[in-house]
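Residue numbers (the working numbering), protein chains in the order written: chain E, 13 to 597; chain A, 13 to 597.
These are calculated hints, taken from the structure and not from any lab test.
Where hints are given, some of them may not hold.
The list treats identical chains as one, so a pair stands whether inside a single copy or across any two.
To be verified - Straight line, CA to CA, 20 Å or less: simulated DMTMM-like cross-link-like pairs of lysine to aspartate or glutamate:
# : residue 1 : residue 2
1 : K347      : D186
2 : K345      : E158
3 : K345      : E594
4 : K347      : E180
Read off the chains here:
Protein chains: 2
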Amino acid sequence: MASYQAPLQDMEFLLFDVFAAHRRWQEWPSLAEVLDEDTGRAMLAEAGKLAASSIAPLNRSGDEEGVSWDNGVVRAPTGFKEAYKAFCEAGLSALTGNPNYGGLGMPKSLAVLVDEMMYAANSAFNLYPALSAGACLALDAHGSSELKQRFLPKMYAGDWSGTMCLTEPHAGSDLGLIRSKAVPAEGGSFRISGTKIFITGGDHDLTDNIIHLVLAKLPDAPSGSRGISLFLVPKYRVVADGSVAGENGVSCGSVEHKMGIKGSATCVINFDSAEGYLVGELNRGLQCMFTMMNCERLSIGIQGLGCGDASYQNAVQYARERLQGRDVQGADKAKAADPIIVHPDVRRMLLNMKALNEAGRAFAVYLGLHLDQAKYGASAEEQARADAKVALLTPVAKAFFTDMGLDCTVLGQQVFGGHGYIREWGQEQLVRDVRIAQIYEGTNGIQAMDLLQRKVFANNGEWMEAYLDEIREFATTVQEASLRELADDLRARSLQLQTLTETVLRSADESPLELGAAACDYLHVVGYVSYGYMWLKMMVSADDSSTKQKTGRYYFSRILPRIDSLIAAVESGSGAMMSLSEAEF
Amino acid sequence: MASYQAPLQDMEFLLFDVFAAHRRWQEWPSLAEVLDEDTGRAMLAEAGKLAASSIAPLNRSGDEEGVSWDNGVVRAPTGFKEAYKAFCEAGLSALTGNPNYGGLGMPKSLAVLVDEMMYAANSAFNLYPALSAGACLALDAHGSSELKQRFLPKMYAGDWSGTMCLTEPHAGSDLGLIRSKAVPAEGGSFRISGTKIFITGGDHDLTDNIIHLVLAKLPDAPSGSRGISLFLVPKYRVVADGSVAGENGVSCGSVEHKMGIKGSATCVINFDSAEGYLVGELNRGLQCMFTMMNCERLSIGIQGLGCGDASYQNAVQYARERLQGRDVQGADKAKAADPIIVHPDVRRMLLNMKALNEAGRAFAVYLGLHLDQAKYGASAEEQARADAKVALLTPVAKAFFTDMGLDCTVLGQQVFGGHGYIREWGQEQLVRDVRIAQIYEGTNGIQAMDLLQRKVFANNGEWMEAYLDEIREFATTVQEASLRELADDLRARSLQLQTLTETVLRSADESPLELGAAACDYLHVVGYVSYGYMWLKMMVSADDSSTKQKTGRYYFSRILPRIDSLIAAVESGSGAMMSLSEAEF
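Just chain E, same shape as in the assembly:
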């Protein structure tokens, strides 16, 4: 029943009106060659068409059919293979890839929007290419040129896919505990043994080979996370000339039965003395893997956005068509009832979704542009500044997009009433599919600690201060009389956040518990203030009488005030939380 249309108009508004991304693209030589505004529009339109016509139609059927695992052979749901082929033929598996190895070299500011479309159309499907893209990124950044030459062209072409093998049964959030072993072998290669779980796209029939990036430890490695190395381990061996040469001791031990993303193969992968190749330096594997993880964290955040928008699109359509109750402002006498979109509480649900989705989309483009700047920026100093911003805001994007994504899919399901709970309507699937995004790729609690401890506290609050300065500077420049009040509000909010940051950092000096006690609510405050920033940016760029002005005002009056309660919770500190003994729970 659900159908999906890529929100091209809003995407183009963000890229070209709000952020003038095309002007940045033209400033950066390697991008200027391949991308201008028209090309950008055309690529978005093509991706949108593919998402709507080939990917979205497999969403419900993929959920019902799920992944099969027979006699050790894993199969994606019917149609996924053909859709994957179409995806790769459209160049999307090579979108941000390095042109030296067959990539298209497109910027993240464009890619985040394509990612959103694909997750909205079919989250389970998009996980296959999303993991491949991240594996390529890490390999491109840290692999030897021989390894890159041997693997990247096939991966960009979509002939081979990639995975990220971190988690083990006893080692999830705590990677220092991993036990997978790597033993040096002939020709500089290694023999990898161990069991990895929760491996997205760990095995399937979409591609001819699967390239695993695996964290493992050498026998004499230091204990904990400082002794972890990264290895490339193909499912089938690949000899130096690039040809495939048989089994490699990699097998799928089982496929998980999950709440959602049932079309995505979540596998137990066993490595039994499998031939692997070191990526990056020995014992520096976690740092190399973070290249992939940061890429995936943004991508998974965007899963939250995409599911939220798909849910919104369905809910609006349903709210226009479903006739129940009477419009208190004047009923349509020709009908026995009015469409439920006339009811304020239905509008509240729709507007919460709309205001959060559109701000999230803007924040994704904002972050994408900073990723581009970190890569292409004219000076090392500009690149470093952008890099710090990305490091600060990636955990916010991952956790806040997905927390808001759950809220939005739940709201979109609620608009449907009883039909929202019935499988055939598709709304409940979005709730199930998005729920994992708050968990995998580092739980949102881990993201919150990453933000507060590693990005804010470890930098003495300076990165956050720079970000808040930027927000205030922007608010100060807003000239439109109609927006002055909102600009002042945003300024005040950013000052609240600055004070809160100072409070938390002071308390952390006294007790190491305070960061953990504050982290989750603190991240949400950063998220809401960031969305306020995005809304003000959009309102400045939009026509005076446009829907953006109305939705933005809704955000400022109905959603942004949520930070007051969050700040009160953070300020109460860790006392109440830590007062119970373990036995008292």
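Following the hints, complete the assembly by docking chain A onto the known chain E.
Okay, now just chain A, sitting in the frame of chain E:
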């Protein structure tokens, strides 16, 4: 992997220490005969044992197997029939029933706790008896003594079950639109025709007969909800002597495929000139059905509570056993990692659940005692006062319990990390099972409008004022020095809510949109203030150094402040919400 233990200690603390229910029971002659403190404890313990040993073990298997529908025959999952028999043999299907017809005549203050246990153990299972209990209540309140004599004894015994047939494909929240027809027939009976959807327990193999309570209209009935009558329509005809006499034109058209509660048969039921009997007066069917609906609304609210507690119990156990990361206050060097319950953010999740669940349980008992008072109270005036309180707070219980229930099951799932998303661990099922509780029995948006429009606005705010007076009066009596600050906080919160009520009622005089714009957030404010009231009551009754004091302080410092943001949202009015045209969504 999940196991459930009824929280008997907390339940007894509420009944006997906080609310002294046993003293009320003794004041009411018809209860004093059958129930004292010891009997109450024994009944809770028995029900708890049944829930843990017979009902809970079928929760996961019922979800995996679901309801089958073959050749028009509907079957509940394996084991449900035997468990249902055990449930009825324990007297639970007759628990609150009228003793004149074989009921046990037990009070709601006890029954709400049994209901919580059963929903926690297995929500899909408990829906069968929960609907039967409500049908019995409506029949007892509005049926002729002949009808009651013919049907109630078999229903209390559990030989026959009951349903509530309201919804039609085009008539969900708006019951005025229903089209099912009732035509007068021989001997004062009626012929009922029409299609009802989303009928919980509409067909199954647990009982020998199914007694449908059906809303339908006579051919000449007034239009809208003033022309609706209530009919009792058995699946198999029952002649005057009580014996079953063949088919009655009632059939199951299909069984829905749902997100959760998969062991509960959600049916399309077709009535094809089925013989039915009027319950109550002609055209007053909706009022009669409200007896059942109010009973079910509280019951469904308690589903939210039960699922929240089940999720909490599992999460605490997992958090004690799962070793990840290091305790910042001092690691256990004998282990490679510490149990995750040491981490503040894990405690935040657990304490949010604990603080909300325990307050919700208290609120359920509080409401149960008012239901008892409305039935048994010494004077008509006392009964009416209790009745008004129940009418005011039933929508709060339904919506707030279930909204918090979703939050708690999501938190409990999050504690499990990746394992929370895997079906075999059971945590994701609780999220799926509880989600329907926000939708059925009147969506939570409908509950919010019921509260604000029909209970607050229609009574000019007086019912709410009386409730808030009670809260303030209680807060004023708190003598314990250690609790004075919290009592003052609660007093201040109740004044905030009073001011908010006045603001909303004033604005509603100006525009009929304001109630709808405020309703959902307003209900949440009422819920949080009510839970604050419950916490203060519990803290007054609990030992000074008990866990209750710590959890209560957590509630006041970390959760109650949420009302500030909600109040800001409500105060912003309907303007932003209504500013978009339909096309702008």
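Outcome of the hint check:
{"no.": "1", "hint": "K347 with D186", "verdict": "between (60 Å within a copy, 13 Å between copies)"}
{"no.": "2", "hint": "K345 with E158", "verdict": "neither (74 Å within a copy, 43 Å between copies)"}
{"no.": "3", "hint": "K345 with E594", "verdict": "between (62 Å within a copy, 18 Å between copies)"}
{"no.": "4", "hint": "K347 with E180", "verdict": "between (59 Å within a copy, 17 Å between copies)"}
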